[in-house]
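Colleague: Going down the list, the protein sequences come from chains A and B.
Our numbering numbers the first residue of the first sequence as 168 and each following residue consecutively.
Our numbering numbers the first residue of the second sequence as 4 and each following residue consecutively.
Possibly wrong hints are sitting among the right ones.
[Stated by the list, open to error] In the BS3-like style, the derived pairs of lysine-lysine whose C-alpha atoms are separated by at most 27 angstroms in a straight line are:
hint: 1; chain 1: B; residue 1: K46; chain 2: A; residue 2: K315
hint: 2; chain 1: A; residue 1: K203; chain 2: B; residue 2: K46
hint: 3; chain 1: B; residue 1: K46; chain 2: B; residue 2: K21
These are calculated hints, taken from the structure and not from any lab test.
The lines below spell out each chain.
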Amino acid sequence: MAGAENNISFHAMFHIKGGNFTDAGSISSQVKKFLKGAGFSSGVIRRTSIATFEAEMNVICYADRGNLSLFIAPNFLKVVVEDEGIGIPDVNLAMREGYSTANEKIHEMGFGAGMGLSNIKKNTDEMILTSKFGQGTHLEFVISLEGKDRLVPLFSTRE
Amino acid sequence: MTVLDIINSFGLKIRAGKNQLNEEVTGGYAGDLLSDVIAHSRKGNIWVTIQTHPNIVAVAAMKELAGIILTGGREPDSDTLQKAEEEGIPILVSPLFTFELVGKLYQMGISGMGEC
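Taking the hints into account, I'd like the entire structure generated from these sequences.
Modeller: See the structure below:
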């Protein structure tokens with residue numbers, strides 16, 4: 168998977184609290200604001216927002232806590248979400264649309280449709296999902312940058 | 004047909020986004036599961052739902068929807084209103100239940116998204 172760390176021009180990390188529905192969506196909202204401010208195209212912003220939102224909600228719904236890291240490189244954006252919690256016993260099953268382990272509270276809010284992971288897959292160019300049942304889950308996805316979007320990291324402020 | 008046309012046709016009440024009502028409506032989507040709406044709605048759609056929490060605004064902004072109509076007399080949470088104003092997403096309310104409201108929108112010419 169793409170990820171030559173020495174090409175990264177920007178990196179930020181956010182903490183996600185499991186079960187924190189009050190602030191749900193705040194991390195993906197911050198990521199979106201940053202990408203918009205940096206000047207990425209609406210397509211890249213939309214795809215990254217959707218994938219980040221779904222990833223954030225998965226940590227809130229199903230894990231104890233997690234970290235979401237955003238990396239910006241000349242040719243791609245990469246998001247890594249590492250969480251601690253029960254993990255996923257069967258990743259292939261989890262990827263299946265409609266499969267959900269959500270409880271009643273999650274369903275009442277309209278989450279737990281069993282489509283989050285497939286929404287991430289549909290909106291990204293590469294995706295890796297691994298899990299250790301009883302420990303936690305690791306998710307990475309990449310959105311390739313084309314055309315004008317490739318110029319954005321060159322002019323972004325280095326952090 | 005714009006969001007304002009829909010508001011006027013049904014006497015919907017505006018709760019947020021009164022400066023964004025001239026958006027052209029491209030169609031409609033009804034759904035209360037957020038990931039389902041994320042997967043299947045299209046830019047410019049009017050979204051009919053019973054969900055009232057702030058994440059509906061995040062979804063509408065992500066998918067560039069024309070607006071959200073809450074049905075069954077529901078009102079948006081105060082956090083939802085604040086977020087809607089920040090993001091510029093119209094939130095409208097109707098006393099009609101979803102089935103009836105969608106039926107009337109359809110009769111008006113607002114079509115659905117067809118098959119998945």
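Colleague: Give a verdict on every hint.
Modeller: Evaluated hints:
With a CA separation close to 22 angstroms, the supplied pair B/K46 and A/K315 stays within the 27 angstroms bound. Under the criterion of a C-alpha separation no larger than 27 angstroms, the hint pairing A/K203 with B/K46 is consistent with the structure, at around 18 angstroms. Annotation: proposed proximity of B/K46 to B/K21 holds, straight-line Cα distance about 19 angstroms (limit 27 angstroms).
In summary, the structure agrees with every hint in the numbered list given earlier.
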